[in-house]
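J.: Here is what each chain is made of, one letter per residue.
There are 6 protein chains.
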Amino acid sequence: MSTLTHLDDTGAAYMVDVSDKTVTTRVARAEAYITMQAETLSMITEGRHKKGDVFATARIAGIMAAKKCPELIPLCHTLLLTSVKVNLTAEPDKSRVRIDTMCKLDAKTGVEMEALTAASVAALTLYDMCKAVDKGMVIESIRLLEKEGGRTGHWKAE
Amino acid sequence: MSTLTHLDDTGAAYMVDVSDKTVTTRVARAEAYITMQAETLSMITEGRHKKGDVFATARIAGIMAAKKCPELIPLCHTLLLTSVKVNLTAEPDKSRVRIDTMCKLDAKTGVEMEALTAASVAALTLYDMCKAVDKGMVIESIRLLEKEGGRTGHWKAE
Amino acid sequence: MSTLTHLDDTGAAYMVDVSDKTVTTRVARAEAYITMQAETLSMITEGRHKKGDVFATARIAGIMAAKKCPELIPLCHTLLLTSVKVNLTAEPDKSRVRIDTMCKLDAKTGVEMEALTAASVAALTLYDMCKAVDKGMVIESIRLLEKEGGRTGHWKAE
Amino acid sequence: MSTLTHLDDTGAAYMVDVSDKTVTTRVARAEAYITMQAETLSMITEGRHKKGDVFATARIAGIMAAKKCPELIPLCHTLLLTSVKVNLTAEPDKSRVRIDTMCKLDAKTGVEMEALTAASVAALTLYDMCKAVDKGMVIESIRLLEKEGGRTGHWKAE
Amino acid sequence: MSTLTHLDDTGAAYMVDVSDKTVTTRVARAEAYITMQAETLSMITEGRHKKGDVFATARIAGIMAAKKCPELIPLCHTLLLTSVKVNLTAEPDKSRVRIDTMCKLDAKTGVEMEALTAASVAALTLYDMCKAVDKGMVIESIRLLEKEGGRTGHWKAE
Amino acid sequence: MSTLTHLDDTGAAYMVDVSDKTVTTRVARAEAYITMQAETLSMITEGRHKKGDVFATARIAGIMAAKKCPELIPLCHTLLLTSVKVNLTAEPDKSRVRIDTMCKLDAKTGVEMEALTAASVAALTLYDMCKAVDKGMVIESIRLLEKEGGRTGHWKAE
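Protein chains in written order, with our numbering: chain L, 3 to 160; chain B, 3 to 160; chain F, 3 to 160; chain H, 3 to 160; chain A, 3 to 160; chain W, 3 to 160.
Same shape as in the complex, but just chain L (with noise of 0.2 Å):
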């Protein structure tokens, strides 16, 4: 551990040269998890709504936003991703909702950032879609899974 690679000698920032990496496969995945009160879930998952487009609807918010991951994150590359999966599972038990994703490309640069941007793009869509009825859901615990390729190879959360 040294130094921040986006920033120069002087501090400022930049986007970081990526000209002389080799192109790899790589595969990020990352996760969420949004906590609310056990109606609330029970609205998203059961009775009047079942069949509704809530899920669908941060799925769709997720995936969007691993493409917009370079217009929002000032440092990141532009990349083309090849695959994207943003899955979400209701846990009744620990009334809460959890999100996770997976982004895939072969590049010179990870795709971190748009497997993190669409987990907690999909959290929000949750919130935004729920919010008229328990403003108090937390969005917890947005983290990196697991990622292959590149200089570094394999990590993997603990």
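There's no promise every hint is true.
In this list, chains with the same sequence are indistinguishable; a pair is considered to hold if it fits within one copy or across any two.
To be verified - Mimicking BS3-like on lysine-lysine, the simulated pairs with C-alpha atoms at most 30 Å apart in a straight line are:
{"hint": "1", "residue 1": "Lys158", "residue 2": "Lys137"}
{"hint": "2", "residue 1": "Lys137", "residue 2": "Lys23"}
{"hint": "3", "residue 1": "Lys137", "residue 2": "Lys96"}
{"hint": "4", "residue 1": "Lys70", "residue 2": "Lys137"}
{"hint": "5", "residue 1": "Lys96", "residue 2": "Lys23"}
{"hint": "6", "residue 1": "Lys158", "residue 2": "Lys96"}
{"hint": "7", "residue 1": "Lys137", "residue 2": "Lys110"}
{"hint": "8", "residue 1": "Lys110", "residue 2": "Lys70"}
{"hint": "9", "residue 1": "Lys23", "residue 2": "Lys158"}
{"hint": "10", "residue 1": "Lys110", "residue 2": "Lys23"}
{"hint": "11", "residue 1": "Lys23", "residue 2": "Lys70"}
{"hint": "12", "residue 1": "Lys158", "residue 2": "Lys110"}
{"hint": "13", "residue 1": "Lys110", "residue 2": "Lys96"}
Honestly, the hints are just simulated from the structure, not real lab data.
The hints should help you fit chains B, F, H, A and W onto chain L, whose structure is shown.
T.: Using the frame of chain L, we list chains B, F, H, A and W on its own:
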């Protein structure tokens, strides 16, 4: 608590009709935390990169993300924010950075999503700038702190 | 019928000055159809993918496109939509899907383009999701059905 | 014809994995028509606005929309187009304008959606510029004419 | 002249709070020049490409850029422009093109940045279209000419 | 010098076909100046706001604008930048700030527009942050300094 406002009777998503709501001043405050290794936090706040652009970049990213909220969250209304603030505070004793945001406008609908999105994207930007030295950082507790204005009036997190 | 409003005396395009127009409630309704093979329509509406995200994805895409209209149509004014609806209806007897949209706001200028753009992009999204099985789908009859508000008042397609 | 490629086993939408596809040169051609009153068409092509920006504006809008396709169509991959053409032809005998488009690139996935999106947005732009004089215009027959490249090779509309 | 309005007491950037400002009609006019070789200017204005899309493309790019201003300039407020004009004038005696722009709206904050951004992007678009024949073109004197409305009232460049 | 590359035989604009060009490493360097009152420059570089975000904000805005170039310049190809740098230097003796930029990638087409756009938007951002105290600032001499790579090879401004 009754039904989800963003779904119609068939469960289809739509952008809620706010035509008949009143224009009032709306304020929302949100927060997020990003936990990292002690050394990572030191790199941002002390020594070599002390005057560097890390916090400034995250701040700008958060402000710009608040403006981009209706592009990210599918059912959000486009809004004309009159003020956005994003503060970052190092908390060395907890080895984390706290992000708190404030969004404000006069409108028929609230700015909760803008404040939450600003906090999320500022946190993601910190992750991006430090990920080369610390992939295990975790973004935690993104939540609404307080909102004012609108029909439901003042709300404050417990 | 006299002159095109979006061109000046020299024929140069410009964004029409609406400063002196009155803010009124404006509503526009539009529709589009996408014709496909009977088997393709069955795949969307029956059997294996019956509960799948096809219509939800098109609906979300249409709503988001309404918000993006001023980025797509060069001379459109930026607007603050107060409501957007996108409905999709399978018409198996005609082997097609009907898309109808509604956009609403209080503004100095109308929302016809938003309603038409939402219908077009919802139709294009259906094409995208089914193109692997049916490249010959045709999007037909994108048109304005009705508009209310503004100086010219109510207009309805014949 | 078997299953929709953009849905997984549970019916959830995702961005199709194209990692293992081959990079080939891909070309797609699409068309659209916009039918209008004879006087409207005359205003564009003759007399006072003959040298005006109407067709130029629609052409530029179409080209820019091709580049925006992955932002509009939720499950589209981001692509690096190497060529985009948008042609507009007045057909006075049929009181309409024909729009035909061509998109090209070297990639793992096709450019059908880009060509169709360019045609649609060029047509919508014509509608926008003429709507003050003719709200009854109809956009018709947006369809793929031809595509080359990729695993499925050459395809041509009947 | 005292302090920079876009920084707080600690020097951190934020979006200035305009909540308490009055809505007035605001107008801003800006200009830019692009100097080129005489032959390059001739290619645009005479002979073979006389009726070509060069000026129309720059005009459209400038208008669209005015709408994109809050996405480009980090601390700009999102605005609802009511009018945008971009004029291009060949000045053969000075071997340059003059671009002048006008933006207008009713708002709590001014449109100077929109007018300046429109002028800049129109100039950049001319550069793009002519760069294959003349890389040495220079964009000069982008400046505000005049602004009206708001607390500080009328301002005119010397 | 013969014809404009972005127009076809009829003078219609299109996105130039680069399919047959070779992928080479491309670099472009550009610059811009913004002249202001001596007091304005002092406010940025000395005293109260010395550690403030002014330069950082302009730097980030410039980097993000380079990525947005294909959205702004109608006929630009979408590119995957591998490196972007934006430097700001106060020149107190000339009462101005110099902005110089560098963009780099491996592609079939050059990055001149990205470097010029980054310089322009960084300058506009400085204008925005200082306009409350100095509306008379002028952005001057936006020009390409140098480009490498591609068929035409190395080019350097005189």
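J.: Against this structure, judge whether each hint is valid.
T.: Status of each hint after checking the structure:
1. In this assembly of identical chains, Lys158 and Lys137 lie within 30 Å of each other by CA distance solely across copies; the values are 9 Å between and 33 Å within a copy.
2. In this assembly of identical chains, Lys137 and Lys23 lie within 30 Å of each other by CA distance solely across copies; the values are 19 Å between and 45 Å within a copy.
3. For a Cα distance limit of 30 Å, the shortest separation of Lys137 from Lys96 qualifies both inside one copy, at 18 Å, and across copies, at 26 Å.
4. In the homo-oligomer, the alpha carbons of Lys70 and Lys137 lie at most 30 Å apart both inside one protomer (26 Å) and across protomers (21 Å), since each shortest distance falls under that limit.
5. Proximity of Lys96 to Lys23 under the C-alpha cut-off of 30 Å is found in neither arrangement, the shortest distances being 43 Å within a copy and 36 Å between copies.
6. Taking the shortest alpha-carbon separations for Lys158 and Lys96, both the intra-copy value of 24 Å and the inter-copy value of 23 Å come in at or below 30 Å.
7. Taking the shortest Cα distances, Lys137 and Lys110 sit within 30 Å of each other only across copies (18 Å), while inside one copy they are farther apart (41 Å).
8. In this assembly of identical chains, Lys110 and Lys70 lie within 30 Å of each other by CA distance both inside one copy and across copies; the values are 18 Å within and 20 Å between.
9. With identical chains, the CA atoms of Lys23 and Lys158 are at most 30 Å apart both within one copy (22 Å) and between copies (27 Å).
10. With identical chains, the CA atoms of Lys110 and Lys23 are at most 30 Å apart both within one copy (5 Å) and between copies (19 Å).
11. For the homomeric pair Lys23 and Lys70, the shortest alpha-carbon distances inside one copy (23 Å) and between copies (23 Å) are both at most 30 Å.
12. Both within a single protomer and between protomers do Lys158 and Lys110 lie at most 30 Å apart by alpha-carbon distance, with minima of 20 Å and 29 Å respectively.
13. In this assembly of identical chains, Lys110 and Lys96 lie within 30 Å of each other by CA distance neither inside one copy nor across copies; the values are 39 Å within and 35 Å between.
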